[in-house]
Amino acid sequence: MHADLKPLEFNAIRRLLERLSATPYGADAARGLEPAPDIEVARRMQRAVDVARLLLDAGRRPPLGALPDIRAALRQAATVGASLSGQALFNLQEVMAGCARLAGALQQDAAIFPGRLDDLQPPTALVERLNRTLVGAGSLRDDANEALAALFVERRQLREEAEAVVRKRMQRADVSELFENVEKVSWQNERTVVVVRVAEAERIKGVRRGSALGGRDVAIEPMEAVPVNNRLEAVMGRIGTEQQRLFRDITAQVRTHVDALQAMIAALTWIDLALAAGRLSQAMNAHAPRLTDSAEVELNEAYHPLLLVQFADGTGPQPVPLSVRLDDRDRLLVITGPNTGGKTVALKTLGLLVAMAYCGLHIPAERDCIVGRYARLIVDVGDHQSLHHHLSTFAGHVEVLKRVLNEADGHTLVLLDELGTGTDPEEGAALAMAVLDELGARGVQGVVNTHLSPLKDYAADREGVRNASMHFDAETMRPTYELRIGVPGKSLGLIIAEQNGLPATLVAGARKHLQRLATTGHG
Numbered sequence: 250m251h252a253d254l255k256p257l258e259f260n261a262i263r264r265l266l267e268r269l270s271a272t273p274y275g276a277d278a279a280r281g282l283e284p285a286p287d288i289e290v291a292r293r294m295q296r297a298v299d300v301a302r303l304l305l306d307a308g309r310r311p312p313l314g315a316l317p318d319i320r321a322a323l324r325q326a327a328t329v330g331a332s333l334s335g336q337a338l339f340n341l342q343e344v345m346a347g348c349a350r351l352a353g354a355l356q357q358d359a360a361i362f363p364g365r366l367d368d369l370q371p372p373t374a375l376v377e378r379l380n381r382t383l384v385g386a387g388s389l390r391d392d393a394n395e396a397l398a399a400l401f402v403e404r405r406q407l408r409e410e411a412e413a414v415v416r417k418r419m420q421r422a423d424v425s426e427l428f429e430n431v432e433k434v435s436w437q438n439e440r441t442v443v444v445v446r447v448a449e450a451e452r453i454k455g456v457r458r459g460s461a462l463g464g465r466d467v468a469i470e471p472m473e474a475v476p477v478n479n480r481l482e483a484v485m486g487r488i489g490t491e492q493q494r495l496f497r498d499i500t501a502q503v504r505t506h507v508d509a510l511q512a513m514i515a516a517l518t519w520i521d522l523a524l525a526a527g528r529l530s531q532a533m534n535a536h537a538p539r540l541t542d543s544a545e546v547e548l549n550e551a552y553h554p555l556l557l558v559q560f561a562d563g564t565g566p567q568p569v570p571l572s573v574r575l576d577d578r579d580r581l582l583v584i585t586g587p588n589t590g591g592k593t594v595a596l597k598t599l600g601l602l603v604a605m606a607y608c609g610l611h612i613p614a615e616r617d618c619i620v621g622r623y624a625r626l627i628v629d630v631g632d633h634q635s636l637h638h639h640l641s642t643f644a645g646h647v648e649v650l651k652r653v654l655n656e657a658d659g660h661t662l663v664l665l666d667e668l669g670t671g672t673d674p675e676e677g678a679a680l681a682m683a684v685l686d687e688l689g690a691r692g693v694q695g696v697v698n699t700h701l702s703p704l705k706d707y708a709a710d711r712e713g714v715r716n717a718s719m720h721f722d723a724e725t726m727r728p729t730y731e732l733r734i735g736v737p738g739k740s741l742g743l744i745i746a747e748q749n750g751l752p753a754t755l756v757a758g759a760r761k762h763l764q765r766l767a768t769t770g771h772g
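Going by the numbering used here, the first residue of the sequence shown is number 250, and it counts up by one from there.
Incorrect hints may have been included.
Keeping only pairs whose Cα atoms sit at most 27 Å apart, straight-line, the calculated DSS-like set for lysine-lysine is [stated by the list, open to error]:
(1) K417 <-> K433
(2) K255 <-> K651
(3) K651 <-> K705
(4) K454 <-> K417
(5) K433 <-> K454
(6) K705 <-> K761
Label-pair ranges, simulated between beta-carbon atoms [to be verified]:
(7) A450 <-> T373: 53 to 63 Å
(8) D542 <-> L751: 50 to 60 Å
(9) D722 <-> P752: 51 to 61 Å
(10) F560 <-> S388: 50 to 60 Å
(11) R292 <-> E258: 17 to 27 Å
Think of the hints as simulated: they come from the structure by calculation, not from any bench. Predicted, not measured: the structure shown is a model, and the values here were computed from it. Idealized CB from N, CA, C, for every residue including glycine.
Construct all of the structure, not just a fragment, from the sequences and the given hints.
Given below as structure tokens:
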């Protein structure tokens with residue numbers, strides 16, 4: 250389904266899922282979440298969320314912690330001749346271990362969890378290779394292969410020889426008093442040195458290798474140690490060469506498993522996103538709607554999810570649930586009522602929950618809700634005035650209406666806020682009726698909000714169109730935000746103006762003008 254997500258503030262749902270994700274893979278998937286192109290895809294994701302919710306409700310917590318992001322490393326490894334760093338290989342090892350743990354924990358759910366658990370299992374040969382060659386945070390083991398093991402044996406022998414040479418020099422009678430309290434031979438850059446005061450440096454024949462203690466001491470490589478240190482330096486070079494060769498060789502093995510590793514990451518992403526969606530479902534006490542093949546939607550006791558979050562955070566009042574149904578018999582709903590009554594929230598609630606359902610997400614509503622097969626969700630909410638594009642509010646709405654008329658058909662759900670506003674009320678009402686006529690003739694389903702009184706009569710007289718209103722409590726003179734189907738509403742502009750601080754004398758004058766207009770039919 251192609252959906253207009255921006256006016257529904259769908260990014261807020263993405264951010265909630267991102268925060269509930271455990272890995273960078275799930276977080277990225279949450280940030281890019283889109284309604285499925287087809288209801289079958291939505292059903293597959295919904296089944297994954299269903300299982301995730303069952304696991305979480307049972308108190309199970311699959312072992313899915315923070316894992317490093319290896320996607321760039323896999324792209325690099327796919328290039329012939331590439332060499333991954335020790336850190337990149339260590340990250341790969343960590344992710345494979347995490348996937349293996351997760352697959353093991355979910356194995357008993359393999360029959361019902363549509364999360365590609367087979368794909369989640371890392372390549373055994375690669376796991377064994379990395380376990381055999383890596384140690385710590387990306388360093389190669391000294392015995393990673395026979396050649397490296399032999400070189401490290403030679404390195405150890407040369408270090409012992411180099412230390413013996415320097416220790417012998419330190420014990421010579423001409424300088425022994427300089428090293429009376431020195432127990433260990435010093436090293437700088439894999440070369441043995443002695444450290445003496447600058448004033449005593451001339452007593453040691455050798456090569457200066459640096460200074461210490463703010464320049465008061467100097468490190469000198471005795472001439473006797475230069476040959477063995479040179480041999481040690483050569484061995485270290487050979488060790489580095491062999492390590493780089495080994496990194497390239499391991500990377501080549503990674504390359505042979507890139508497809509399997511990418512499938513592993515895809516499965517990990519799928520499961521992480523499903524678990525995040527399960528956590529969101531828990532937090533909202535949400536349920537899976539029934540996804541049907543008919544063009545229909547039925548929401549019972551449905552809440553706007555973002556208002557629920559605000560209520561839970563203590564930053565907003567308790568929201569009022571919404572119940573609404575659209576189908577082949579009742580295709581269009583015309584909602585009237587005061588500006589502050591919640592018409593736009595009702596419109597956004599319907600659109601947002603349909604979009605969530607097409608993402609496979611549970612929705613905060615009763616269990617028996619239905620979301621049917623729609624190809625498009627077109628939404629027009631907000632003021633379209635644009636100085637940049639030289640558009641008035643009305644012209645902006647007209648642009649949206651042109652798009653609606655170009656795209657809408659019997660598989661489209663249309664949500665239009667303040668249809669017909671921004672121009673002369675009579676012309677606006679006439680235009681709105683013509684638009685509704687055309688939508689009805691095409692079999693389009695949708696909800697429109699309006700202040701225009703003629704649309705109430707239109708909805709009452711047209712087959713397939715129903716009136717609805719946001720209830721206003723006559724005793725408290727406050728909106729209840731309750732949607733009432735079959736009952737047209739009143740705008741109550743003067744009451745709201747008085748409640749919001751306009752002088753009572755001014756409002757009284759407005760009521761006199763209103764009575765005169767009702768009597769004469771003109772100003």
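Now the hints, each set against the structure:
1. K417 <-> K433: Between K417 and K433 the Cα gap is close to 12 Å, so the pair holds against 27 Å.
2. K255 <-> K651: Given that 27 Å is the threshold and the Cα spacing comes to 19 Å, the pair holds.
3. K651 <-> K705: Judged against 27 Å, a Cα distance of about 24 Å means the pair holds.
4. K454 <-> K417: This hinted pair holds, its Cα atoms lying about 14 Å apart.
5. K433 <-> K454: holds (20 Å)
6. K705 <-> K761: Answer holds: K705 to K761 is near 24 Å, not above 27 Å.
7. A450 <-> T373: 53 to 63 Å: Since the Cβ atoms of A450 and T373 sit about 59 Å apart, the hinted range of 53 to 63 Å holds.
8. D542 <-> L751: 50 to 60 Å: holds (52 Å)
9. D722 <-> P752: 51 to 61 Å: violated (24 Å)
10. F560 <-> S388: 50 to 60 Å: Hint holds: Cβ distance 51 Å, inside 50 to 60 Å.
11. R292 <-> E258: 17 to 27 Å: holds (25 Å)
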